[in-house]
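Note that the protein sequences, when read in sequence, are chains L, Y, W and C.
Numbering-wise, the numbering used here puts 573 at position 57 of the first sequence, and it's gapless, one number per residue.
Numbering-wise, the numbering used here puts 645 at position 129 of the second sequence, and it's gapless, one number per residue.
Numbering-wise, the numbering used here puts 591 at position 75 of the third sequence, and it's gapless, one number per residue.
Numbering-wise, the numbering used here puts 801 at position 285 of the fourth sequence, and it's gapless, one number per residue.
These are calculated hints, taken from the structure and not from any lab test.
Be aware that a few hints might be false.
Where chains are identical, the list cannot tell them apart; a pair therefore holds if satisfied intra-copy or between any two copies.
[Stated by the list, open to error] In silico lysine to aspartate or glutamate, DMTMM-like type, Cα no more than 25 Å apart, as pairs:
#1 K667 to E748
#2 K771 to E673
#3 K669 to D547
#4 K528 to E673
#5 K760 to E682
#6 K669 to D709
#7 K528 to D547
There are 4 protein chains.
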Amino acid sequence: MIMNSIDGAVNKIHGIIPPMFTPLSGQDDLDVDGLGRLIEHMLAGGVHGLFILGTTGQALSLSNRLRRELIDCTCRLVHGRVPVLVGITDTSLVESVSLAQHAARSGADAVVTSAPPYYPIGQPELVDYIRNLAERLPLPLLLYNMPTHTKVKFGLETIQRVMELECIAGIKDSSGDMVYFNRLLALHSQRPDWSFLMGPEELLAQALYMGADGGVNGGANLCPRLYVEMYEAALANDRARVVKLQDSILQISGKLYGVGRHPSSLMKGIGCALSGLGICSDTLALPYRRFDTPERIQLQNALAEMGITAAEPWPHVSLEVK
Amino acid sequence: MIMNSIDGAVNKIHGIIPPMFTPLSGQDDLDVDGLGRLIEHMLAGGVHGLFILGTTGQALSLSNRLRRELIDCTCRLVHGRVPVLVGITDTSLVESVSLAQHAARSGADAVVTSAPPYYPIGQPELVDYIRNLAERLPLPLLLYNMPTHTKVKFGLETIQRVMELECIAGIKDSSGDMVYFNRLLALHSQRPDWSFLMGPEELLAQALYMGADGGVNGGANLCPRLYVEMYEAALANDRARVVKLQDSILQISGKLYGVGRHPSSLMKGIGCALSGLGICSDTLALPYRRFDTPERIQLQNALAEMGITAAEPWPHVSLEVK
Amino acid sequence: MIMNSIDGAVNKIHGIIPPMFTPLSGQDDLDVDGLGRLIEHMLAGGVHGLFILGTTGQALSLSNRLRRELIDCTCRLVHGRVPVLVGITDTSLVESVSLAQHAARSGADAVVTSAPPYYPIGQPELVDYIRNLAERLPLPLLLYNMPTHTKVKFGLETIQRVMELECIAGIKDSSGDMVYFNRLLALHSQRPDWSFLMGPEELLAQALYMGADGGVNGGANLCPRLYVEMYEAALANDRARVVKLQDSILQISGKLYGVGRHPSSLMKGIGCALSGLGICSDTLALPYRRFDTPERIQLQNALAEMGITAAEPWPHVSLEVK
Amino acid sequence: MIMNSIDGAVNKIHGIIPPMFTPLSGQDDLDVDGLGRLIEHMLAGGVHGLFILGTTGQALSLSNRLRRELIDCTCRLVHGRVPVLVGITDTSLVESVSLAQHAARSGADAVVTSAPPYYPIGQPELVDYIRNLAERLPLPLLLYNMPTHTKVKFGLETIQRVMELECIAGIKDSSGDMVYFNRLLALHSQRPDWSFLMGPEELLAQALYMGADGGVNGGANLCPRLYVEMYEAALANDRARVVKLQDSILQISGKLYGVGRHPSSLMKGIGCALSGLGICSDTLALPYRRFDTPERIQLQNALAEMGITAAEPWPHVSLEVK
């Protein structure tokens with residue numbers, strides 16, 4: 517995706533682009549104050565963009581109305597300081613297109629879609645779907661590979677076929693399959709303008725080492741500077757620093773996302789930590805719920821143990837995580 | 517679910533309730549004439565109810581607007597002759613409730629939900645979700661077990677827990693897991709008013725033999741009387757007739773749904789056959805598409821070979837399937 | 517498989533053929549006395565054959581030496597009263613053939629194989645494997661569909677292709693997939709001499725209702741007469757009796773196999789119950805172990821609650837299970 | 517694992533340790549000449565050890581007799597030039613121990629086991645199994661994580677628990693799950709003497725970058741020097757060289773293992789390529805078979821295209837792969 521950067525240069529999407537947690541005050545109510553604080557927290561940490569309405573943003577659990585409200589508020593609050601990417605994944609193509617049109621009107625920079633959830637599809641159907649969707653979109657499109665949630669992977673041949681579409685600008689891979697990601701990177705020469713972004717933060721360093729453009733990592737909601745520093749260290753091939761930062765990232769993902777037993781623990785962990793730092797509410801939309809008291813305490817202890825605190829107003833989280 | 521039947525008796529949902537194929541003339545356009553013919557075709561075949569906006573009805577692929585239009589048209593066309601059940605499955609609870617309210621206003625008799633797709637959830641979260649959904653619904657709720665699509669099964673303990681909710685009226689099981697279904701039936705005594713309905717038509721006979729209340733079988737869009745006769749034969753324990761009808765049902769599912777390789781072949785097969793019989797269009801919503809010419813020919817040949825034809829206007833399909 | 521029955525008639529494998537639990541006194545030691553009592557217990561219950569060295573018999577966990585000892589002892593103890601089927605499943609074809617030769621020398625009546633475990637294979641490789649194995653065997657071969665353990669299913673086309681091999685005599689299906697089993701039964705006319713046997717006991721009644729020849733059900737180690745009575749009731753289409761017996765079978769599988777959380781609970785439950793009835797030791801071969809005390813007590817309570825006791829010497833277990 | 521190296525220093529298992537392809541001339545016949553050439557080919561390429569009877573070596577498909585013959589021949593031919601690791605994975609613990617004893621007598625340096633295949637087990641059973649196995653072994657044990665074949669993963673807690681066993685010397689991870697491998701590496705400090713080895717060659721560079729001790733990569737049968745050079749480049753943090761070598765490795769795995777559709781294509785590809793280079797026969801043990809002519813030609817073309825040839829006698833394969 518080619519974009520005008522602040523200094524007028526032409527640039528593609530790169531760097532750390534947190535998949536933003538959606539601050540809620542109820543099943544269908546946005547925590548607008550929390551949203552503002554969360555955005556400032558991440559921008560102060562140096563992130564290179566924001567991705568709203570992704571999996572971590574609980575997009576699919578939100579009403580169509582709330583999704584639009586979130587787009588409007590985020591674009592207004594970010595006010596062009598970094599690119600805003602908007603998730604438009606929906607089970608219905610018509611609704612995805614409608615959401616993309618709203619995003620364009622609000623000033624977003626790009627949209628992002630996974631495969632359509634619910635109906636099992638094969639690769640030919642996925643190619644067909646993406647082609648039909650892409651041609652109706654008013655903004656550049658990033659693909660989002662999320663097979664644990666959609667039940668289908670963007671196969672390598674599928675990627676090669678949709679690479680012919682000018683309006684597609686890259687892919688975020690959250691499969692956790694590094695063999696696949698390495699094969700994606702081998703396609704980079706076919707579309708040098710594409711962005712190849714890593715989802716799971718535990719793989720950020722190794723993805724960047726092999727040529728990825730950046731990361732869309734949940735933990736960057738909480739500790740944005742840690743991920744930005746990893747981005748810089750890996751690009752600089754500063755191996756000693758990478759190994760040290762990797763240790764911090766593994767601690768965060770192990771201690772904050774690993775509390776409780778259900779697949780929701782990532783979202784609950786990020787929400788609970790953001791709430792503990794005074795940034796926003798950790799209310800979740802059903803089918804998820806925020807942690808109960810025992811898990812809250814366990815998580816607050818983990819935060820304290822790792823030295824993650826919130827100074828006023830929303831400072832960078834200390835990197836002196838041991 | 518207790519309902520007033522035509523003769524004034526009190527009755528629960530039972531018998532053959534086809535999961536209605538949704539006739540479309542475009543991605544976001546209803547084939548209203550086809551819808552009328554399809555409804556009359558099924559009612560003429562003696563079905564005991566209709567289930568719209570299920571998986572076979574492509575509900576999740578349709579826009580919110582189109583789903584509402586379909587509810588309105590179907591309720592108007594059925595005009596109380598049989599109960600109308602409306603699928604409200606959505607990734608967002610708010611949207612599910614909103615759709616249920618629309619269904620109630622249109623005169624539908626019950627709503628049906630699967631687990632919310634997309635986000636992986638555990639059984640405690642599923643119980644929590646169903647409780648929260650059920651208490652906001654204006655109509656009785658049937659559960660819909662569809663783990664191939666939603667990634668989560670309604671566990672037996674979950675069923676036992678939500679059986680405490682008065683407004684839940686039964687379950688349609690499309691898991692294809694007959695051990696599970698047998699264990700469901702063993703819970704019948706806890707809620708004698710619940711309906712236990714079998715999804716996969718290949719298991720209809722055996723489900724009824726062990727005490728199920730009916731079937732929600734895709735093939736009943738096409739050959740409604742065949743499934744109604746199976747219902748009657750199995751209830752009457754007429755084993756010779758059951759075995760003969762089973763042969764016809766296996767032929768239909770084998771020859772009509774097994775064309776092509778992708779998981780969409782059931783929907784494509786039903787649509788193509790309905791189109792071949794002159795009942796409605798076989799346009800599908802993306803991510804699916806109707807069959808191309810080679811598969812169309814293969815399927816029309818299978819129809820002819822099985823002797824399935826459409827006399828005027830929409831007669832019962834011949835049961836003399838060999 | 518055509519066999520001479522006691523009365524001189526020609527007969528295929530049918531009826532209740534328990535997959536025999538292997539009584540052990542150590543990781544590599546047979547409990548020969550327990551083996552004798554277990555065989556008499558099952559024969560007294562009226563079973564129509566015995567299947568040794570199946571999954572329930574822990575075959576794959578046993579040494580090659582112990583497998584041979586078990587074959588010898590069982591054939592000697594049964595002494596032709598019922599057919600003895602011997603599992604020869606192994607990761608190595610050479611070892612499977614060797615075991616089959618030993619079984620033939622010991623007087624066994626047939627051998628049984630699943631797909632070779634460990635290496636993932638496709639259907640063409642499975643056809644090739646079965647053909648190569650079958651032609652080297654000195655005894656009729658039954659196929660054993662066990663995809664949860666072998667990772668590959670005997671596809672319907674595979675079955676049709678190996679049906680051409682005269683020496684194959686039938687299939688035991690333990691997939692639990694009743695749609696598949698119904699499709700298997702539809703192939704019966706191609707090989708009327710084949711035996712179609714149901715593994716999971718919860719599906720025995722429905723399998724027989726649709727035309728299966730019998731069942732290979734773990735619970736028949738414990739309560740052989742219960743399964744024999746179900747066989748007779750289902751064949752006689754005595755629906756009221758079937759429903760009553762089904763209730764007992766569901767109780768046994770629910771209460772005895774459902775103790776503990778691991779996939780080993782079926783084997784642990786059968787072993788523990790047999791031990792509680794004084795029939796044999798419940799020692800298991802690694803990677804499994806018999807229940808610890810809390811689960812033992814829970815299981816003994818379940819046995820008592822269901823009224824399953826052992827009179828002297830090894831009488832029929834009471835069918836007055838409530 | 518602490519071993520005496522040639523110069524008397526103490527060393528743990530490290531570097532490139534090819535999982536040796538087993539040259540066969542029949543289902544139960546070893547190609548002894550081919551074995552000699554293959555061993556010399558790999559040693560000439562600079563590999564740091566050999567792992568025989570692994571998945572690539574078809575161990576589980578071989579008879580017990582042939583496995584012993586292979587151990588004897590290999591140990592004799594290697595004659596102490598590099599450590600020989602012997603796979604003892606079996607469905608039966610007794611057979612695994614017996615094989616390990618044979619390996620010790622033959623002069624092997626260590627044994628390797630995956631989880632026992634066939635029976636599904638939980639983590640507590642896996643810990644129990646490994647403990648029982650380890651205490652009966654005469655040689656150091658490496659664990660082998662291969663969940664696609666065994667159906668169970670060595671969980672992180674399981675690893676932490678068996679780390680207490682002195683005789684366990686490390687782990688080879690073939691799960692392809694780099695998040696998991698990164699978490700394994702984080703346990704390195706608990707057992708600095710453990711070896712952490714990467715299976716999938718596409719991940720070798722990134723594993724070494726984060727601290728792995730080496731790789732057990734199938735392609736090193738064919739192009740041993742390529743993998744040895746990658747090992748050296750990654751340890752030296754020579755990123756430009758790593759990226760170049762990664763391109764060659766991705767080509768090999770893409771073009772040689774990706775021919776044909778079945779999971780056997782890795783073994784077929786390696787065998788076919790070794791045969792094409794004149795090193796050994798590509799006969800495979802059932803359930804696998806070597807490629808048919810069309811795939812052979814396709815693969816020979818790929819070899820030629822990549823410039824992989826065999827000069828006399830078995831020189832290093834050219835690294836000038838483009």
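Here's how the hints hold up against the structure:
| no. | hint | verdict |
| --- | --- | --- |
| 1 | K667 to E748 | neither (34 Å within a copy, 38 Å between copies) |
| 2 | K771 to E673 | between (37 Å within a copy, 14 Å between copies) |
| 3 | K669 to D547 | neither (34 Å within a copy, 33 Å between copies) |
| 4 | K528 to E673 | within (23 Å within a copy, 41 Å between copies) |
| 5 | K760 to E682 | neither (39 Å within a copy, 28 Å between copies) |
| 6 | K669 to D709 | within (22 Å within a copy, 39 Å between copies) |
| 7 | K528 to D547 | neither (31 Å within a copy, 44 Å between copies) |
Of the numbered hints given earlier, the model fails hints 1, 3, 5 and 7; all others are met.
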